[in-house]
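Spelled out, the chains give:
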Amino acid sequence: MSTLDPVAVFRMEAAECLEAIEAGLLDLTHQLDNKDLVDAVFRGLHTLKGSGAMFGFEALAAFTHHCETAFDRVRKGEVAATSELVAAVLAAQDHMRALVDQPDADHGDTGHKLLAQLQAAVGGKEAAPAAVPATAAVCEAPAKKTNSWRIRFSLPANSMANGTNPLGLLDELRDLGECTVRANTSAIPPLDELTPTELHISWDVTLTSEQDRSAIDDVFIFVLDDMELSVEEISGQAAATAAPVEEKAAPAPVAAASAAPVSPATVPEFRPVEAVPARREAPAPASQAKAAENVRVPAERLDELMDRVGELVIAQSRLSQLASASADIALRSVSEEIERLSGELRDTMMVLRMVPVATLFSRFRRLVHDLARETGKVIELVTEGESTEVDKTVIERLADPLVHLVRNSIDHGLETPADRLASGKTEAGTVTLSARQAGGEVIISIKDDGRGINRERVRAKAESSGLIQPGQPLSDSELLQLIFAPGFSTAAAITNLSGRGVGMDVVKKTVEALRGAIDIVSVPGQGSEVSLRIPLTLAIIDGLLVRVGSGRYVIPLSAVEECLELSLEEDLRSRGRSFISLRDSLVPFLRLRDLFRTGTKPDVHQKVVVISTGTERVGLVVDQIIGDHQTVIKSMSKLHNNVATFSGATILGDGSVALILDVGHLVAAGQQQEAQLRVAG
Amino acid sequence: MTANILTVDDSASIRLTTNVTLTNAGYTVTEAADGAEGLAKAKSSSFDLIVTDLNMPVMDGLTMIEELRRLPAQAGVPIIFLTTESDADLKARAKAAGATGWLTKPFDPENLVKIVKKVLGR
Chain H
1 MSTLDPVAVF RMEAAECLEA IEAGLLDLTH QLDNKDLVDA VFRGLHTLKG SGAMFGFEAL
61 AAFTHHCETA FDRVRKGEVA ATSELVAAVL AAQDHMRALV DQPDADHGDT GHKLLAQLQA
121 AVGGKEAAPA AVPATAAVCE APAKKTNSWR IRFSLPANSM ANGTNPLGLL DELRDLGECT
181 VRANTSAIPP LDELTPTELH ISWDVTLTSE QDRSAIDDVF IFVLDDMELS VEEISGQAAA
241 TAAPVEEKAA PAPVAAASAA PVSPATVPEF RPVEAVPARR EAPAPASQAK AAENVRVPAE
301 RLDELMDRVG ELVIAQSRLS QLASASADIA LRSVSEEIER LSGELRDTMM VLRMVPVATL
361 FSRFRRLVHD LARETGKVIE LVTEGESTEV DKTVIERLAD PLVHLVRNSI DHGLETPADR
421 LASGKTEAGT VTLSARQAGG EVIISIKDDG RGINRERVRA KAESSGLIQP GQPLSDSELL
481 QLIFAPGFST AAAITNLSGR GVGMDVVKKT VEALRGAIDI VSVPGQGSEV SLRIPLTLAI
541 IDGLLVRVGS GRYVIPLSAV EECLELSLEE DLRSRGRSFI SLRDSLVPFL RLRDLFRTGT
601 KPDVHQKVVV ISTGTERVGL VVDQIIGDHQ TVIKSMSKLH NNVATFSGAT ILGDGSVALI
661 LDVGHLVAAG QQQEAQLRVA G
Chain L
682 MTANILTVDD SASIRLTTNV TLTNAGYTVT EAADGAEGLA KAKSSSFDLI VTDLNMPVMD
742 GLTMIEELRR LPAQAGVPII FLTTESDADL KARAKAAGAT GWLTKPFDPE NLVKIVKKVL
802 GR
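Those protein sequences? They're chains H and L, same order as listed. The first sequence begins at 1 in the working numbering and counts up by one. The second sequence begins at 682 in the working numbering and counts up by one.
Don't take each hint at face value.
[To be verified] Computed list of lysine-lysine pairs in DSBU-like fashion (alpha-carbon distance at most 35 Å, straight line):
{"id": "1", "chain 1": "H", "residue 1": "K76", "chain 2": "L", "residue 2": "K722"}
{"id": "2", "chain 1": "L", "residue 1": "K798", "chain 2": "L", "residue 2": "K724"}
{"id": "3", "chain 1": "H", "residue 1": "K634", "chain 2": "H", "residue 2": "K509"}
{"id": "4", "chain 1": "H", "residue 1": "K607", "chain 2": "H", "residue 2": "K638"}
{"id": "5", "chain 1": "H", "residue 1": "K76", "chain 2": "L", "residue 2": "K724"}
{"id": "6", "chain 1": "H", "residue 1": "K35", "chain 2": "L", "residue 2": "K724"}
{"id": "7", "chain 1": "L", "residue 1": "K772", "chain 2": "H", "residue 2": "K113"}
{"id": "8", "chain 1": "L", "residue 1": "K772", "chain 2": "H", "residue 2": "K76"}
{"id": "9", "chain 1": "H", "residue 1": "K35", "chain 2": "H", "residue 2": "K638"}
{"id": "10", "chain 1": "L", "residue 1": "K724", "chain 2": "L", "residue 2": "K772"}
{"id": "11", "chain 1": "H", "residue 1": "K113", "chain 2": "H", "residue 2": "K35"}
{"id": "12", "chain 1": "H", "residue 1": "K35", "chain 2": "L", "residue 2": "K776"}
{"id": "13", "chain 1": "H", "residue 1": "K425", "chain 2": "H", "residue 2": "K447"}
{"id": "14", "chain 1": "L", "residue 1": "K798", "chain 2": "L", "residue 2": "K776"}
{"id": "15", "chain 1": "L", "residue 1": "K772", "chain 2": "H", "residue 2": "K35"}
{"id": "16", "chain 1": "L", "residue 1": "K798", "chain 2": "H", "residue 2": "K35"}
{"id": "17", "chain 1": "H", "residue 1": "K638", "chain 2": "H", "residue 2": "K392"}
{"id": "18", "chain 1": "H", "residue 1": "K76", "chain 2": "L", "residue 2": "K776"}
Treat the hints as calculated values from the structure; they're not laboratory data.
This is chain L alone, in the form it adopts within the complex:
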């Protein structure tokens, strides 16, 4: 069974990689270029999983996660955030904001799929 995944990243190349990887793994992918766009898309349709970057213009990933968690409809939707090694502090904040898990950048596609499967439980 497929799942709808929303990926939020300001980097087109990372969006592309994520999209290709997840689409090849059989998931349906929707893209957003920043937190505000991600939030809007999450509000207008339902996703089984959200993968987001943290550092983004307009609205950063952290704020987006907080906003999402305030929406009753988004309760229980797993959110994986992309982070770099040096973001230890950010990681803690993202978790506190309500993220489910994280993936350290640079990630390799296999790892992404593995973690998506883990979080989705399928």
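Extracted from the complex, chain H is given alone in its bound form:
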């Protein structure tokens, strides 16, 4: 780990720091007088500036400095925190992010604009010192000329307790040139009054050196402010440079120094501030404190581990197969042991990949904040079930679809404050993001209390764009599903319709790619709720292994509702109609044998596997159900991108490959078939 690149670590840290700043700012918008939040934001900015400068992010440091200064003034009570200031820093924070990501890119005059905004927000006057660099550098003077100095110094009595070692200082003086040192011990109290940790000695040093005066000051750099120091040039002309330093260092003459070596007067100067720190101990943002307890692992290492576990699961199922065919008891027991272990390992692995949706939801606070400003609507964001955990890959892929959905809710779902008041609602609209786990799925929903989806407009649009026949009977959910149709989100739709067409087909595709499904519920005048049902994990699923013709296929078990026998009579009866009656309702079914063109004769006892997404069901006719099977999902090559019926492949115990059926696609195909039949008959 020692080979870690500090710059990379800095970037990671800066990202966290910026997130913390953003969270602090967003909280601050609701409670402008919260001192702890101001402090937290200030501390974040301060850290970012300091580390930025250290790792060569000069532009970032310089820019952040201004924001820090602004917050410092708030902290000191010179200016009040206003929503303008918070908004300005929020905007500035995005710029900082850009400066972290691309420190060398030309960011144009974005920075200047932001600073002007900031300036306006804090009332205009700020000194604006631009650059921050400068170190406690020690100057190597080129002077060759030899000088002689008489140096007298005494240190505060407590300086040894504070870690200053006068012998070290003397050694340093000796390093500068030829030295004679004489200790003045006159101030040492009698033994019974002596505190051994206190320093009562002062020194007289004569130094002959090629170095100039500043080298001497450097020796005393840490103690210069509190000590008594006099430096006189013995030979040659009095150096002009000596004067200012001496003035600052020691107003007291040498005589006074030796008489009162401890110089208590200088110490109390610092006392009044002792009480200050208590307030500054304010608890850090929880996330930061938590981070220390966690181990950070690059995502690709987790993926690698997952791969290995996947391979282990495959090898294990081969072993089980061999063992079950063998009479060797010992082999069988080892095989069972390994099966148990690999199952546990798989479960542990799953947990490792789980992250709470809070990480996803937290991004929306900013989005909602910005949209509220943009649209002039008053929006309250409520998040529920933030501790629900989902596979990290799922979280990453869901981010964009959720942005679309939240945007839609706010853009098109929520009314303006005036409209809301007119229809008897509260002025503020509420958008609720919630997550909960249900079986092997997590359900993430975006709910608003806006105007709801206007069915007439959706129908009109769908009819005019040829998605449905005029007057075609549709169930309410079918009608609402139309907004996910690719042709639906045209420019006209965005402006005229209740508008949920923007990018919804993309949302649906993404969710389906995750083997999830979308449900919509919308009540006119009361709002809409879009629910995404997503499997908990992507890498290994429980599947139902079936045989169709001579091929074997896997159906994700989470989608399977039930399995039935398809009797020969029913098969014959339904021929051409492809419906079976299932407890009084007709369910369309697909004959996989026909779909895959196996060219084989159907088995006598065909089975129907009923699968569902949400409320829609479809039956799949297979030749044989082999059983459930832990399935490690391997994605297919790019060449198979267009194969919609399958979502992936897996390797079976005997080494052969089975394709995994894409439930979303098959259900859609089944529903389509149903729709066509309805139109036809």
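We have chain H; now place chain L onto it with these hints.
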């Protein structure tokens, strides 16, 4: 002869830089992520030098220095604090709290080693 140094900073990148720099210079380095952790580590083992940041969550550097100086075992242990140019006021307070010296951020590694050597006297 090597020395045991404790570095206290909430920034992992600064800790990393400090650690690498001091380890390369032959010192043994222990890290802590905030004042409270630093204090705990200083109590449980002995260090020849402590390098600390001032602005930190949980417990800031200033409080940590004060707490350390209250412990008889920590008397005489040099404490260097990292500060930025704009922290003039903090600097005075850190010194009053009992810090030995300071280093202005951003520092370059050479400077850190130089100052550590100076304070340790070796």
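* **Hint check, failures only** => 9, 16
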